[in-house]
Amino acid sequence: QKEVEQDPGPLSVPEGAIVSLNCTYSNSAFQYFMWYRQYSRKGPELLMYTYSSGNKEDGRFTAQVDKSSKYISLFIRDSQPSDSATYLCAMFAGNNRLAFGKGNQVVVIP
Amino acid sequence: GAGVSQSPSNKVTEKGKDVELRCDPISGHTALYWYRQSLGQGLEFLIYFQGNSAPDKSGLPSDRFSAERTGGSVSTLTIQRTQQEDSAVYLCASSRDRASGNTIYFGEGSWLTVV
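Read top to bottom, the protein sequences are chains A and B. Each residue of the first sequence is one higher than the one before, starting from 1 at the first, in this note's numbering. Each residue of the second sequence is one higher than the one before, starting from 1001 at the first, in this note's numbering.
Hints are supplied without guarantee of correctness; some may be wrong.
[Said to hold, decoys possible] DSS-like mimics (lysine-lysine), calculated; alpha carbons at most 25 Å apart, straight line:
1. Lys56/A to Lys67/A
2. Lys2/A to Lys1011/B
3. Lys1015/B to Lys1057/B
4. Lys42/A to Lys102/A
5. Lys102/A to Lys1011/B
6. Lys70/A to Lys2/A
7. Lys102/A to Lys67/A
8. Lys2/A to Lys67/A
9. Lys42/A to Lys1011/B
10. Lys56/A to Lys102/A
11. Lys70/A to Lys56/A
12. Lys102/A to Lys1017/B
If you're looking for bench data, these hints aren't it; they were derived computationally from the structure. This structure is a prediction, so every number in the text was calculated from the model and none was measured.
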């Protein structure tokens, strides 16, 4: 079993819809949970990070962590064409590296 | 600088040649990471530097890969005798220190194509 599972299937939504992305993980030592956004031919950009279970909101973005279920989510409200990108979940156990999911390609159709 | 800087941004090389990829981290960041991203894959950890400590090389895929960090700042990733499977984006990242690993910032990557 991979440390971090993220269904890489592309996701197309109409403008204004809610985008829902999620990852599951197996390592109980993960304490920090991040979402990165990556535009085509660009490096990943840190979008959200949370520590432990709970919700964190930043504008149209909400990150949720459920450590008991080892499940994290990212919601994008009122999606815009500029949100079209690949979204990568990442997790950190306080050691030397982040563990990444494979990423979800999101396309917001005007 | 304002962000993590990587060069070259694109590199096409012939199979069997050596390549060097450079990373200049954010000023003041002591932790530096190299990751590799292949088409359709997530990011694969390669190597981690923290200050003057011995690097964590556990992610390097073979002995053809090596990296160094001079003066605690600029890092160079070297791939010897490149193979076609080495074609990928090589991403460098930095954070303020090890404890700040939850806020790691990436460069734009070096896009390597081995023909």
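Hint-by-hint comparison with the structure:
For the given pair, Lys56/A sits about 14 Å from Lys67/A by alpha-carbon distance, which is consistent with the 25 Å threshold. Among the hinted pairs, Lys2/A with Lys1011/B is inconsistent with the structure: their alpha-carbon atoms are about 31 Å apart, more than 25 Å. Among the hinted pairs, Lys1015/B with Lys1057/B is consistent with the structure: their alpha-carbon atoms are about 24 Å apart, no more than 25 Å. Restraint check for Lys42/A and Lys102/A: satisfied, since their Cα atoms lie roughly 16 Å apart, inside the 25 Å limit.
With a CA separation close to 24 Å, the supplied pair Lys102/A and Lys1011/B stays within the 25 Å bound. Of the supplied pair hints, the one linking Lys70/A and Lys2/A holds, its CA atoms being roughly 13 Å apart against a limit of 25 Å. Between Lys102/A and Lys67/A the alpha-carbon distance is near 20 Å, which keeps this suggested pair within the 25 Å criterion. The suggested pairing of Lys2/A with Lys67/A holds, with an alpha-carbon distance near 17 Å, which does not exceed 25 Å.
Between the alpha carbons of Lys42/A and Lys1011/B the distance comes to roughly 15 Å, so the proposed pair stays at or under 25 Å and holds. With a C-alpha separation of about 22 Å, the suggested pair Lys56/A and Lys102/A falls inside the 25 Å cut-off, and the hint holds. A threshold of 25 Å between alpha carbons decides the hint, and for Lys70/A with Lys56/A the separation of about 17 Å falls inside it, so the pair holds. With a C-alpha separation of about 29 Å, the suggested pairing of Lys102/A with Lys1017/B is violated against the 25 Å cut-off.
In this structure, the earlier hints numbered 2, 12 are contradicted, and the remaining ones agree with it.
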